[in-house]
Amino acid sequence: MMLRRKVADQLMDWKNDPDKKSLLVRGARQVGKTYSINDFGEKNYGTYVYINFVKNPEYATIFAGDLDVDAVLRRMSAFFPKARFTPGDTLIFLDEIQKCPDARVAFKFFTMDKRYDVIGSGSLMGVMYTEASSYPVGYEDSIDMHSLDFEEFLWAMDVREDIIGEVKKSLVEKRPIDAVFLNRFNEFFRWHMVVGGMPEVVETFKKTNHFGKVRTAQRNIIRTYIDDITKYAPAVMKNKILSIFHTIPVQLAGRNKRFVFADVDDSGGGRYDKYGNSIMWLYEAGIINLCYNLTEPAIPLLSRRKNNSFKVYMNDTGLLMGMMEEGLARGILNSDLDVNNGAMMENIVAEMLVKEGYELNYFEKNGTLEIDFVLNLGGAVTAVEVKSGDDKQSKSLGVVMSKTYKVKRGIKLQGTNVVIDDKGIERYPIFAAAFMRSMNEETWDTKAVSKALDGMR
2 MMLRRKVADQ LMDWKNDPDK KSLLVRGARQ VGKTYSINDF GEKNYGTYVY
52 INFVKNPEYA TIFAGDLDVD AVLRRMSAFF PKARFTPGDT LIFLDEIQKC
102 PDARVAFKFF TMDKRYDVIG SGSLMGVMYT EASSYPVGYE DSIDMHSLDF
152 EEFLWAMDVR EDIIGEVKKS LVEKRPIDAV FLNRFNEFFR WHMVVGGMPE
202 VVETFKKTNH FGKVRTAQRN IIRTYIDDIT KYAPAVMKNK ILSIFHTIPV
252 QLAGRNKRFV FADVDDSGGG RYDKYGNSIM WLYEAGIINL CYNLTEPAIP
302 LLSRRKNNSF KVYMNDTGLL MGMMEEGLAR GILNSDLDVN NGAMMENIVA
352 EMLVKEGYEL NYFEKNGTLE IDFVLNLGGA VTAVEVKSGD DKQSKSLGVV
402 MSKTYKVKRG IKLQGTNVVI DDKGIERYPI FAAAFMRSMN EETWDTKAVS
452 KALDGMR
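As numbered in our numbering, residues 2 to 458 make up the sequence shown, in order.
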């Protein structure tokens with residue numbers, strides 16, 4: 002089954018850029034990098050050469066010695082005698098590039114030569130934790146690839162483009178979504194929470210319509226993550242990284258989802274200086290997302306982060322589901338989004354925001370005031386609250402939007418249609434987080450909110 006991915010447009014933009022460099026496509030294991038690049042290469046180049054350094058370790062000899070482009074192509078032709086290296090119409094894809102660091106070093110020479118397009122790819126663990134003599138700083142472009150986002154999941158479910166466009170238009174214009182579309186999208190959203198976005202899992206779901214087989218596929222991927230940690234993690238950190246990975250579901254099940262270092266082991270000796278590097282390893286490997294607590298919700302957000310106080314979310318909510326108890330999926334599919342104290346719901350909103358390109362932050366003070374996410378939307382500090390029901394209470398949003406904190410916008414993601422209340426708080430269905438970039442292109446359109454408020458008076 003062919004899954005439509007947004008990275009295809011990014012790859013085409015790269016191909017058409019006259020000033021492009023060699024390209025590194027980064028991403029966690031099994032998010033669809035190889036499939037997408039293969040499809041792109043076969044459709045858009047007269048000559049496409051695929052080199053996988055795991056399946057064929059002997060290909061590493063192509064990059065042994067002189068890395069001059071012509072020398073490399075001569076050695077490559079010994080393995081691919083039928084290839085015709087046509088300038089301007091040739092793509093060389095170096096997959097699992099972490100197994101041949103010198104191939105990445107060669108990016109510099111292909112970029113300077115400009116005759117042939119080169120893409121390298123590998124899991125973030127491998128790409129970041131293998132050594133090379135000299136990385137091609139300044140000579141490579143990069144794309145970060147994730148598992149399927151909600152819109153890509155809708156494409157996989159064969160939802161028509163015009164219907165998706167109509168729902169997005171309602172969100173952008175801050176007007177209610179057609180009830181039929183809203184109910185259907187909420188159902189797709191619940192499926193997405195349970196299935197996630199890993200291509201193999203999505204394909205399993207579409208082929209079988211069987212959540213038991215979906216769970217099996219999820220758990221298989223989790224095992225590959227554990228194997229990769231064992232393979233790539235530094236020996237002195239391996240056990241700590243595995244302990245953190247296994248404790249993520251427990252951490253998120255707490256009412257205050259802040260990561261508690263003492264809960265990682267039974268000794269009570271957990272602390273940031275013991276586990277901080279191991280958590281960053283998982284983050285840099287693309288397995289988890291980090292959401293930092295702020296000293297105050299004010300711009301610039303990055304300078305107000307507490308670097309030792311954060312929440313840890315899985316990069317793919319479906320994989321988190323695979324780590325949870327088996328019965329949780331049933332509750333979510335039956336519209337009980339608050340299972341495990343809303344852990345799954347908060348995780349998927351974090352995932353959606355990251356896939357939209359946002360840094361994650363939250364604000365908590367004295368254990369009584371907590372804002373789930375704090376974003377910079379077009380220069381406006383925006384507080385985002387996530388709730389499972391249609392509760393109209395917004396005490397925390399009201400506090401941070403007061404004169405004390407001067408937060409410009411308040412957004413509540415919950416089980417409701419689009420509405421702006423008399424206090425200016427914007428309410429959207431939870432899946433709207435997947436379209437946050439479209440809803441907030443460059444600057445926030447205050448006129449749209451004012452017009453909506455006028456219409457309610």
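Hints are supplied without guarantee of correctness; some may be wrong.
[What the hints assert, rightly or not] With a Cα cut of at most 27 Å, we get these calculated DSSO-like pairs of lysine-lysine: (1) 232 <-> 307; (2) 83 <-> 109; (3) 109 <-> 239; (4) 100 <-> 232; (5) 208 <-> 44; (6) 409 <-> 307; (7) 307 <-> 56.
Hints are computed from structural coordinates only; laboratory data are not their basis.
Verification of the supplied hints:
The suggested pairing of residue 232 with residue 307 is violated, with an alpha-carbon distance near 31 Å, which exceeds 27 Å. Straight-line distance between C-alpha atoms of residue 83 and residue 109 comes to about 26 Å, which keeps the hinted pair within the 27 Å bound. Only pairs whose Cα atoms come within 27 Å are accepted, and residue 109 paired with residue 239 is rejected, the gap being roughly 33 Å. A hinted pair counts as satisfied when its Cα atoms are at most 27 Å apart, and residue 100 with residue 232 qualifies at roughly 12 Å.
At most 27 Å may separate the alpha-carbon atoms for a hinted pair to count; residue 208 and residue 44 meet this at roughly 25 Å. The hinted pair formed by residue 409 and residue 307 meets the criterion: a straight-line CA distance of about 22 Å does not exceed 27 Å. Annotation: proposed proximity of residue 307 to residue 56 is violated, straight-line Cα distance about 44 Å (limit 27 Å).
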